[in-house]
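A.B. asks: Residue numbers (this note's numbering), protein chains in the order written: chain A, 1 to 194; chain B, 1001 to 1420; chain C, 2001 to 2100.
Simulated from the structure, these hints should not be mistaken for lab results. There's no promise every hint is true.
[Unchecked claim] Pairs of lysine to aspartate or glutamate residues, derived as DMTMM-like cross-links and limited to a Cα-Cα distance of at most 20 Å, are as follows:
| id | chain 1 | residue 1 | chain 2 | residue 2 |
| --- | --- | --- | --- | --- |
| 1 | A | 184 | B | 1045 |
| 2 | B | 1120 | B | 1045 |
| 3 | B | 1120 | B | 1168 |
| 4 | C | 2008 | C | 2094 |
| 5 | B | 1120 | C | 2083 |
| 6 | C | 2008 | A | 80 |
| 7 | A | 184 | B | 1046 |
| 8 | C | 2008 | B | 1292 |
| 9 | B | 1120 | C | 2076 |
| 10 | A | 184 | A | 53 |
| 11 | B | 1408 | B | 1256 |
| 12 | B | 1178 | B | 1050 |
| 13 | C | 2008 | C | 2061 |
| 14 | C | 2008 | B | 1378 |
| 15 | B | 1399 | A | 163 |
| 16 | B | 1120 | C | 2094 |
| 17 | A | 184 | A | 28 |
| 18 | B | 1178 | B | 1203 |
| 19 | A | 141 | B | 1385 |
| 20 | B | 1399 | B | 1419 |
| 21 | A | 141 | A | 169 |
| 22 | A | 184 | A | 116 |
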Amino acid sequence: MPDPILISAQAARDIPGLRALLVIAMPDCLLYDSWSARNEDWRAEDVASYLGDLVRANRETLKALRAWSSEMQLTIEAGEILVVLKELGPDFVCGAIFALGTPLGMARLHLRRLLDRLEQQLPRYEVEKRPPAVRVLEFLKRYAPDPHAVLLRVSLRTGILHDRLLSPEALSDDETQQVEDAAKSILGLAQLNL
Amino acid sequence: MQADDLKLSRVEDYCLTFLEDLPYVYHCHHYNLFHDQTVDDALGEDAGRELRMVASREATYPLIQRCCATAGALTPAERLETAAALFRWMGHGDLEFAVQAQGGEVRGEHLHYGLSWREKYGSGVRRTTPADAFGAGFAAAATEVAFNLPAGELAVEETHCVALREPECDIHLAPGGKRDLGRIRSERAEILSRLGATFGGLDEERIAAIGAGLADFVRGAASDERGLIRAFNVYVTRHLAAYYNTSIYRAVRQVEARMPQSSPAAEWLFREAGHVCVFNTFGNVLLSPEWEGLIGPLSGLAEDTLSYCCAIARGLGFGRWTLAEHVPGKRLVLRTPATYESIFDLCNHGASTRGRCYILQGAAVALMVLAQKVPWTESPSLTPEFYASLFSAGPLPWKVEETRCIAKGDSYCEAVVTEV
Amino acid sequence: MSDGFELKPDGACCARLNWRLLLPAEVAEEQLAAAFEGSGFVARCQRPEIWVFRRVRDRAELAYVPRTRRLQLRIDITVPEAERPGAAMSLASELAANLS
Chain A
1 MPDPILISAQ AARDIPGLRA LLVIAMPDCL LYDSWSARNE DWRAEDVASY
51 LGDLVRANRE TLKALRAWSS EMQLTIEAGE ILVVLKELGP DFVCGAIFAL
101 GTPLGMARLH LRRLLDRLEQ QLPRYEVEKR PPAVRVLEFL KRYAPDPHAV
151 LLRVSLRTGI LHDRLLSPEA LSDDETQQVE DAAKSILGLA QLNL
Chain B
1001 MQADDLKLSR VEDYCLTFLE DLPYVYHCHH YNLFHDQTVD DALGEDAGRE
1051 LRMVASREAT YPLIQRCCAT AGALTPAERL ETAAALFRWM GHGDLEFAVQ
1101 AQGGEVRGEH LHYGLSWREK YGSGVRRTTP ADAFGAGFAA AATEVAFNLP
1151 AGELAVEETH CVALREPECD IHLAPGGKRD LGRIRSERAE ILSRLGATFG
1201 GLDEERIAAI GAGLADFVRG AASDERGLIR AFNVYVTRHL AAYYNTSIYR
1251 AVRQVEARMP QSSPAAEWLF REAGHVCVFN TFGNVLLSPE WEGLIGPLSG
1301 LAEDTLSYCC AIARGLGFGR WTLAEHVPGK RLVLRTPATY ESIFDLCNHG
1351 ASTRGRCYIL QGAAVALMVL AQKVPWTESP SLTPEFYASL FSAGPLPWKV
1401 EETRCIAKGD SYCEAVVTEV
Chain C
2001 MSDGFELKPD GACCARLNWR LLLPAEVAEE QLAAAFEGSG FVARCQRPEI
2051 WVFRRVRDRA ELAYVPRTRR LQLRIDITVP EAERPGAAMS LASELAANLS
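Chain A on its own, in the form it takes in the complex (with noise of 0.2 Å):
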């Protein structure tokens, strides 16, 4: 991972048994920040979109069921780590990995303490809302069944060529309704919440 920019590496040190800190973009679920203990498996930008998507299907979870609060804060055991996810204000998410059996409370104290001082860093902005159809893109390519072949099946539905698709930004109304088509079909949805 690259050197972060707002995260304190000595900090994040600090904080018992975390092995990484995500700072993600929303709604579009881009990186913005990372810092990482060690050299890790996976890269943060291929995990960052998925947990935004975790964090935003938790909120609306949450308040079907009558019980969002900008306050929640989703918790995964997995493996051999944990996962704590938390909205940081209306347009980023956090995402801390520890270590499986790192006590939680204390991890959590710390990390309240972090994230405090990380919250009045992050830029105050109207979040630029990209064009539908990138989104529609990238959410298919995350979720379709051979991703690698997603572009190429989007256009044999279509009829869009496949060079048009790859400046998804350029695209028609219409042509954009019909990638979403494309995708609620290869995906077997009846509507994508992006």
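With the hints as your guide, set chains B and C onto chain A.
C.D. replies: Quick look at chains B and C alone, frame taken from chain A:
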């Protein structure tokens, strides 16, 4: 049903295999699912499924007729029993018929497409249409043959499917079929009469020996009581070439006619199916205990990998793939006096203006990738992630051109792989 | 599992389906067929180059290569992916016990 109960033949000069004089090949579920998916991408789910079902009916009706004749099955019950045994022998699962001449119900268990789709994709994607068009088409053809009905007499629909997260697959047959099925030209005699002289290539003696040995071994691979064939690290089907070819060539031609701007994408995806086939089927065969026992541990040398892959293609009935030229990492010329694809296209559609061997084209590039980029001696795991790292992490360093094709009127097919 | 045996993932067309059971040097080839049969496996193919045994109960298979002593455990495709490692470990333990 055993191999000895069927009329099987193999023409070693072309490495084509025939079941009741109809060409058949071996493909695993990775290829089969990608093939069907591409047909649906080209035509949409409903039209794609309809085409696949028609392709199945056209291909299997004459096969079932002939199998019943070979078995001496005369009554409807005997014919249905023969058809079900044939379906299991082909590795497509188990069909239980409760039908009359007016139709009825067919229960499918462990059907290849539904079962393998759920295995491969089911945890990540929701499917909205049933997956077993081949099985449904086969069930309709078997019922029509059993009751001496013309092909296409019955309407058929798969009403439940395990790929839809339902507990079983059910196929409903009723009067009111369209009876407008085409007649496929896929006969052994015609195919052989239209092929040119055979030939060999580099490392011919070794490739021929391994290919013939593999063909012999897979011919004897029995399906289990559920109709599944497991060998060489893969679940494999014995499949009629006519099913693949009918669905591919009709889909491609429909795209060419209705949406010509999309035909490069269609052809690219059918070539991609060749990558999928070589990576998953050929790769798993190479890493299997059967291969290690019959041929020996892998050396990892590029020339060995290429020879082995040609032998595998021959063993699976894809044609007599030969190595005409090989400059490691730079150039590969794959040449064959027959493929199961081009000769079908020529017989059914006349001379084409372009190469039509999509498997051969895709496989040629994939062979180069397997030879140059896979560390075989380290027993790599052939996972989707590894596939993505080989075939989609940026543009491939090689491109392929089918410079000769029997479908164009050439006397052989040739795929040339060069550096980009 | 008994000492000297080791279970590792092996190549397969589906996730976690095939497993390689490393045999200790002291296990003789002559013991294998009887050990397989003792666990309910029946030979489907027993050529000098390759043996394949199958068990009807759970449709598991064993493939053994005499020339390299490679032993592959094959779990059935109908076993859910999450349960395959456990099924492989259980089968490996059973075989190891028969061979120890």
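A.B. asks: A separate judgement is required for each hint: does it hold in the structure or not?
C.D. replies: Consistency of the hints with the structure:
For the given pair, residue 184 of chain A sits about 12 Å from residue 1045 of chain B by alpha-carbon distance, which is consistent with the 20 Å threshold. With a CA separation close to 19 Å, the supplied pair residue 1120 of chain B and residue 1045 of chain B stays within the 20 Å bound. Taking the CA atoms of residue 1120 of chain B and residue 1168 of chain B, the gap is about 17 Å. The hint holds against a cut of 20 Å. A distance of roughly 16 Å separates the Cα atoms of residue 2008 of chain C and residue 2094 of chain C; the hinted pair therefore holds under the 20 Å criterion.
Restraint check for residue 1120 of chain B and residue 2083 of chain C: the C-alpha separation of about 16 Å stays at or below 20 Å, so the hint holds. Taking the CA atoms of residue 2008 of chain C and residue 80 of chain A, the gap is near 19 Å; set against the 20 Å cutoff, the hint holds. Using a Cα cut-off of 20 Å, the hinted pair residue 184 of chain A and residue 1046 of chain B holds, with the two alpha carbons roughly 15 Å apart. A hinted pair counts as satisfied when its Cα atoms are at most 20 Å apart, and residue 2008 of chain C with residue 1292 of chain B qualifies at roughly 17 Å.
Under the criterion of a C-alpha separation no larger than 20 Å, the hint pairing residue 1120 of chain B with residue 2076 of chain C is consistent with the structure, at around 14 Å. Restraint check for residue 184 of chain A and residue 53 of chain A: the C-alpha separation of about 17 Å stays at or below 20 Å, so the hint holds. At most 20 Å may separate the alpha-carbon atoms for a hinted pair to count; residue 1408 of chain B and residue 1256 of chain B meet this at roughly 17 Å. For the proposed pair residue 1178 of chain B and residue 1050 of chain B, the alpha carbon gap of about 12 Å is at most 20 Å, so the pair holds.
Restraint check for residue 2008 of chain C and residue 2061 of chain C: satisfied, since their Cα atoms lie roughly 16 Å apart, inside the 20 Å limit. A C-alpha spacing of about 14 Å is found between residue 2008 of chain C and residue 1378 of chain B, which places the hinted pair at or below 20 Å, so the restraint holds. Between the alpha carbons of residue 1399 of chain B and residue 163 of chain A the distance comes to roughly 18 Å, so the proposed pair stays at or under 20 Å and holds. As the CA atoms of residue 1120 of chain B and residue 2094 of chain C are separated by approximately 29 Å, the hinted pair breaks the 20 Å bound.
As the CA atoms of residue 184 of chain A and residue 28 of chain A are separated by approximately 18 Å, the hinted pair is consistent with the 20 Å bound. A C-alpha spacing of about 51 Å is found between residue 1178 of chain B and residue 1203 of chain B, which places the hinted pair above 20 Å, so the restraint is violated. For the given pair, residue 141 of chain A sits about 13 Å from residue 1385 of chain B by alpha-carbon distance, which is consistent with the 20 Å threshold. As the CA atoms of residue 1399 of chain B and residue 1419 of chain B are separated by approximately 6 Å, the hinted pair is consistent with the 20 Å bound.
As the CA atoms of residue 141 of chain A and residue 169 of chain A are separated by approximately 16 Å, the hinted pair is consistent with the 20 Å bound. For the hint linking residue 184 of chain A to residue 116 of chain A, the alpha-carbon distance of about 39 Å lies beyond 20 Å, and the restraint is violated.
Of the numbered hints stated above, those contradicted by the structure are hints 16, 18, 22, listed in ascending order.
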